[in-house]
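Asker: Model the full structure from these sequences, guided by the hints.
Chains as they are written, first to last, in full-length UniProt numbering: chain A, 1 to 386; chain B, 1 to 386; chain C, 1 to 386; chain D, 1 to 386.
You may find that some hints are simply not true.
A pair holds if it fits inside one copy or across any two, identical chains being indistinguishable in the list.
Claimed, not checked - With a straight-line cut-off of 20 Å between C-alpha atoms, the simulated SDA-like cross-links for lysine to any residue are: (1) Lys-176 <-> Pro-297; (2) Lys-267 <-> Ile-291; (3) Lys-267 <-> Gly-298; (4) Lys-267 <-> Gln-290; (5) Lys-267 <-> Ala-221; (6) Lys-95 <-> Leu-120; (7) Lys-267 <-> Pro-288; (8) Lys-95 <-> Glu-112; (9) Lys-267 <-> Arg-226; (10) Lys-267 <-> Gly-149; (11) Lys-267 <-> Gly-225; (12) Lys-95 <-> Gln-56.
By construction, these hints were calculated from the structure, which means they are not laboratory data.
Listed below, chain by chain, are the residues.
Protein chains: 4
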Amino acid sequence: MGMVGGGPGAMIGPIHRIAARLDGEIELVCGVFSRNPAQSQETAESLCLPAERSYQSYTSMMTAEAALPDGERMDFVVIVTPNDSHFAIAAEALKHGFHVLSDKPATRSLHEAEQLAEQLQKTGLLYGLTHTYAGYPMIKQARSLVASGALGEVRKVLVEYPQGWLAQSGVEAESKQAAWRLDPAQAGISSCVGDIGSHAAQLSEYVCGEPIAAICADLNAVVEGREMDDDATVLLRFENGARGVLIASQICAGEENNLRLRVYGDKGGLDWQQHEPNTLCLKWADRPAQILRAGGPGLSPLALANSRTPAGHPEGYLEAFANHYRNFAGQVRARLEGRDATEVERDVPGIADALRGMRFIEATVAASQSTQKWHHLQAIAALENK
Amino acid sequence: MGMVGGGPGAMIGPIHRIAARLDGEIELVCGVFSRNPAQSQETAESLCLPAERSYQSYTSMMTAEAALPDGERMDFVVIVTPNDSHFAIAAEALKHGFHVLSDKPATRSLHEAEQLAEQLQKTGLLYGLTHTYAGYPMIKQARSLVASGALGEVRKVLVEYPQGWLAQSGVEAESKQAAWRLDPAQAGISSCVGDIGSHAAQLSEYVCGEPIAAICADLNAVVEGREMDDDATVLLRFENGARGVLIASQICAGEENNLRLRVYGDKGGLDWQQHEPNTLCLKWADRPAQILRAGGPGLSPLALANSRTPAGHPEGYLEAFANHYRNFAGQVRARLEGRDATEVERDVPGIADALRGMRFIEATVAASQSTQKWHHLQAIAALENK
Amino acid sequence: MGMVGGGPGAMIGPIHRIAARLDGEIELVCGVFSRNPAQSQETAESLCLPAERSYQSYTSMMTAEAALPDGERMDFVVIVTPNDSHFAIAAEALKHGFHVLSDKPATRSLHEAEQLAEQLQKTGLLYGLTHTYAGYPMIKQARSLVASGALGEVRKVLVEYPQGWLAQSGVEAESKQAAWRLDPAQAGISSCVGDIGSHAAQLSEYVCGEPIAAICADLNAVVEGREMDDDATVLLRFENGARGVLIASQICAGEENNLRLRVYGDKGGLDWQQHEPNTLCLKWADRPAQILRAGGPGLSPLALANSRTPAGHPEGYLEAFANHYRNFAGQVRARLEGRDATEVERDVPGIADALRGMRFIEATVAASQSTQKWHHLQAIAALENK
Amino acid sequence: MGMVGGGPGAMIGPIHRIAARLDGEIELVCGVFSRNPAQSQETAESLCLPAERSYQSYTSMMTAEAALPDGERMDFVVIVTPNDSHFAIAAEALKHGFHVLSDKPATRSLHEAEQLAEQLQKTGLLYGLTHTYAGYPMIKQARSLVASGALGEVRKVLVEYPQGWLAQSGVEAESKQAAWRLDPAQAGISSCVGDIGSHAAQLSEYVCGEPIAAICADLNAVVEGREMDDDATVLLRFENGARGVLIASQICAGEENNLRLRVYGDKGGLDWQQHEPNTLCLKWADRPAQILRAGGPGLSPLALANSRTPAGHPEGYLEAFANHYRNFAGQVRARLEGRDATEVERDVPGIADALRGMRFIEATVAASQSTQKWHHLQAIAALENK
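Answerer: The following block contains the structure:
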C-alpha cells in the first residue's frame, strides 16, 4: 500500500501503519507523509522506504506508481490527512486505478461524497472507510446478534461518545490535533459531530443494520470562541421506527474516549463500551444477563474471524483498526485472485457509510439551527443504487 | 405517623413502612390502607394497629385523629396511594393540621400542585415528597461537590433511567403495579415521565442546584395499544445554561432500575449509578479519577449524616428512603421542640420539587406533541415566593 | 426480644437493633446495654424502653423476665457484647429458658462452644449466630446453586476478606472498636481470624455445604507490638477434597470490607463480592457467563425469600442482617405456634457454625505456630450428634 | 531476527510474530518453524521468507546465519518452541554469537538456567525472557509506584492466575496446546506452576522489586490421571518480609486468563487485572481511591514509554508483548550503536528472572511434596554475580 499523510506529529497516521502491519499481510511501499517535503522525507526514511518511492506530492505519487509494472506498484492508497483533503486525494487515486482506504470523515461534504460514489461506480474500484469501532470483535458480535433477531425488533438505541480533551479553552494552542479539528478550514462544518458523532452514528447503524431516517439536533459550541460545535445531542429515528439518542461531546471534562452503545429490542438488550471492548453484555427480559467475551463461547463466525488471541488475552483499539486493514486487504486480494470476497472480507465500512456519514453531519448542523424539531434525512441517489 | 394507602398487593407502601421504622424514631399509629375496608383492616391487623385507629376512610382518619389530644394523635400523614388521590388526601390532611409526607408525583397536575403550595403557605405546615434517589448518601455528596464548585461551572448533565418491566404488551394483566401505572385515570397524563422521568429530572436538579428552564421532548408509546408514553427522551437546558439529556424508558427489555446521573463541569465530572449506589466516581480534567465511597474518606457532612454503617457495609434503596423519613421526622420534631430544623433535616424534597415535577410532566407531554423544538418552562408563582 | 450490649459508642449493637426492627416483626422490650449503669440507662431511654425493663445486669434481666407472665416476657435474647462475655450471657439465658441470638464469635473457646452445644441439647432451646454475610440473598442463591449440582463437584474455593482499618499502629488509641479487638482479654486468642477470618470460613462452608477438614495456616502480627494476628492466610481442605484458600487481613491499607467468595466446580464457578452484594456472577466452562441479580429471574426460592424489593432496588448489609432476624424470629414463632419451622426459617447459622467457627479459630492459631504444613481439624462430639 | 518454533497449530509463535512486527522496527529474516521440515517450510512461505533462509534445523540456522556478512545476518534469535528445547536452542544461539529472546520458562531446570547464565556472562550477549504481563504499561506504573515508596513499605502481596481451560479431563486429546503442557516430557516437572504460576511469581517480584525468599506450597493434580499439578497455591515471603499468596490454577472452570495482582503497603494498595489491563486502581488508607489509566494523567515515564495510543484507546496483550520486543530490540540496537541502553530498553525480563523462575518452579514442586510448612529458596550463585 501507499500512504498519504501521517508525517511528524500526526496521531492517526502511525496508528494506521501499526494496523496495516499487525497481521503481516500488508507492506507499506510508498508514500507522501506531509505537505512539507523535508518532513515527508524524514518520515519516509524512518519507515525505511526507498528514496524513489518517497514522493513530493500525492499527484506525483499516483502518476509514478501507476507507471510501475504489475506486482510492483502499490495495491491501494491509504488517506490519513486532515479532513479537507480526503476527497481530492481519493479522487486522484481512483483516477489512476488505485483502490482507496480512507480515514473518516470521507469528504468535506455530502456533495463530494456523492461525487466519490459516482467515481467508484464508474471505476469499479474498492473503497474502505476506517470507522475503527466497527472493527471490534464484540461489535461484530453485536451486529450478528441483532441480525439474528435474538433481541427481537429493535426499539431503542442509545449511543454516546463523551470526551473531555477539548473542555478547556486554549487547547488548540497546545495540541496540533486540537488545532486542526477546531479549524473549520481543515475540519469542515462540524468539530464534535464530524470527529466523533459520525463514528457514533455509524456504529449504531452498523450494529442495528438500520439507517438513521430522521433527527432532532442540539449542537453547541460550549467553550467560548469556538466556531463549531464541541457538544452534540441528536435524537434519532431509524428506518424501522426505532428511537435513538446520540450523545457526543468533547467538553465532558475527565472523560477519555468513552464510546458506548446500547440496543434494546423487545426481548432483550445489548451493552458495549470501548473502555472494555472485549466484553458484550446481554440483558434479557426473562432470564439472567449474559457476558459474552472476545474469543469465548457463544460467538458468531464474524466475531471469531476478527479476533487473534484466545479468550482472556485482551485485544484493543489497534487490533480493531487492524481488522479493517486485514479485511480490506482481503477484498483487494480477492480482486487480484479473481474470486468473490468472503463475508468477512466484505465487512469493512465503505461508500454507503461515507454517504450516510456526510449526510448525517450536514443534516445535524442544519437541523441544529432550525426551530423545527424533527428533520427527515434527504434521500441519496447513490445509496439507492447500492 | 398515619398512613393512607399501602394495602395488600401494594409495592411502595410496605417500603415506606420499612423506611419509617428503620431508624426507630417513627411509629405508625393509625392508617387506612385500602379503599376496600376488609383489605384495609387486614393490613392494620398485620401491623398490630389498635382497632380504633384502623380507619374506614382518610377523611374519617383526619377528623378522628385531629380530635385526639396532643401527644396522642399522629404527627404527620404519609400518602402512598396511586397518583390520582395524592392531592385530595394531602389537602384534607393539611386542613386538619397535619404535616404531609407524600409519595411522588405530588398531584395529578401543576394546577393541583399550585393549590397545594398555596395551602401549605397558608397553614405553615410541613411537606415532604419522597423522591427516593435524592436520599442516597453519595447523591448528597454529589450535591455537596457541585455546590462547592469542585467541578467548575456545570455544563453538561446526563441523566438516564432505563427500565424493562413494561417492555412486553399485556403486562398490565399480570401486575397490579403495571395496571395502575398504564391507566390514565389513575396515573395521570404520563406513564414513563410521570413514574420515573420525574425522578430523573428531580435528581438532576437536586444535584446541580439548578432548575430545568427549557426542554425538547420526544415521548413515545412504544408498545402497541398504550395510551401514554412508555419511553421518553428530553433535551434539557438548565437555568445556568447547562445542557442536559434525560432518558427514561420502561421498554428497555432486560434493564432493572438503572438510574444513572453524570454531571460535567469545566474542571471535572461525576458519575453515579443506583445499581452500585455507595460509589461516586469523580473524573478530572488534569488528574486521575477518584472513587468516593459511602462512609469513606473525603465526604461532606451532608453525605456522612445520611449513612448508618462504616465504609464497606453497603446500604441501599431502603436506607435512602429511610433518610427522607429520618430527616422529615427531624423537621417535625424541630417544630415540636420549637427550634429551627438543621441543614440535614431540611434536606428533604418538598413543595418546590412538587411544583417543578408537575410542571416538568405537563410540559414534556405538551412539548412532545409540538413540532417546535424548544419550549421554555412557564414561571410558577408559588416558586417565586419560596 | 431483649438485648445485652450495644450501649453508647457501640458499632454492632445499633446495627442489630435496625436489623431487628426492619421488618416490623420484632420488638425490643428490655435490655441491659452497658456494664456502666448510667450508660445502659441512657441507651434504654433513647430506645423508649420502660424504666422497669432497663436492667442493671444480664443476670437480673434473665431472672426478672423469666418471672413475667407468658406473652409479656421477652421471647429471645440478643447478645452484642464484646466476645469475652458471649458464652456466659448465652448460658444464663438458656438457663432461664430463653432462646439466644448471638453475635459471633459464639464463645471464647471451642470448649465453651461445646458446653453451649450441650446446654442447647438439654434445653431444646433455639440458638442463632449472626454471621451476617450468610444473610445476603445472593449468598443464599450461591448455596442453592452449589447444592443443585449446577457447578458440578466443588473443587476449588477462594474466599478473601481484606480490610485496611488496622493497617496503622496506634489505631487502638483512637477507636473503641479497634481497642477491644486488639486486646486478647476481650477478643480472645485471635484478632484477624476471630473477627473476620471466621466470617470467611463460615461463608465458604455455608455456600459449599462442606465443612473444612484440614488447614495450613500462616498468621501474622504485621503491625509492630500487636499480640495477636492482624493478617492471616489459611490453606483449606474441605471434607469432599476440595482445595481452598482463605485470606483475611486487617492491614491491607485502603480496603474497606472487601469480602469475596469464589467457588469452582468442574462445570463452572461462582463469584460474589460484598461490595456489590446484589450481583452473583456465574462463569461456565462451555457457555457465556451469567449475571444473576437479587430480585431478578433465575433465583431459588431461598434467595427470593430473603429479598424485600423488586430487582434494581439495591438491598445491603442491614437487610442481610435483618434476614437473620426475620428467619430466627420465624423459628421462635414456629415454636410458639407449635409447628415445624420452614426451610427459610431454619436457614440461620446456629450452634454447628459456632462449633466449627471456634474450632477453626483455635486450630489456625495453633497450626500457625507449627512447622508442620497440614493439620486435620479434630472431631467435635457435639457436631456428630447434630 | 530469526525464529525457532511457531509452525502450524502453534499458539504463541504467531503472537510473537505480531508483537515483533507491531512497531515496524524488527524484521523476521529467517527461521525454522517446526521439527517437521514440510510444516516449517509451509510457515516460512506464508511469511514470505526467502527459501534459503528457511532452515531445516536450528543448528543449521545458527551456522548459516553466523556465516552471513554483518548487517545481513539476523541480529537475534527468538525461541518459541515447547519448554523442553528452550535451553539447547538458546545455548546454540549464544555459541554462534546471537542474542536471545526466549519464551518462558527459560529452561527445564534451574541447573540449565545456571548454565545459561554462565554462558551469557562469558559471551556478554543479551538475553530476554518474554514474561508478557510485565510488558503492560500499568504494570510498569505499578512498579514505578512501589519503587517511589508511595504505598509505603510493602507488606502484603496477592497474586492470582485462575484459568479454566484444563478443567475437564481429556482436553489433551482435543488441543495441541493442552497436550504438550500436560506432558512431562515436553513441559517439565510442573504444568500449572511452570505455565502460569511462574508468570504470577515473576509479576509479583517485578512490581515489588523484591525477590521471593521462602515458600509454602500446595500443588495438586486435580483432574484424575494428571501427572503434574493443574492447581497451585503458594504462600510467599519476600526478602523484605512481606507476606504473599500466589494462586494459580488451570481447573477454575469458566475462568479465562484472570491474572490479578494486589500489593499493599502501610499507606495504600494497588490492584491490577489483566482483563482490563489499562486500569490501575490505587486504594489509600486516608483518602479516596484513584483510578490511573494508560495514557492518562499521573503516569511515570516508564509507563508512558510503553503506551502507543492516547488515553481511552485500549491497548492489550499483543501490545504488552510488543513492548518487550521493542525494548529488547532497543538493547540490541544500543549494542550496534555502541551506546548504553536506556532505562526503558533495559526494562525487559532477563536471565535473573529466568533463574528465579526456574528456582521457583523446582522449589514449589519439592515443597509441595514435603510435610514441612516453610522452605527457604536456595541461593543462586549466578544471581549473586548480577
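Asker: What are the numbers of the hints that this structure violates, sorted from low to high?
Answerer: As far as the earlier hints go, not one is violated by this structure.
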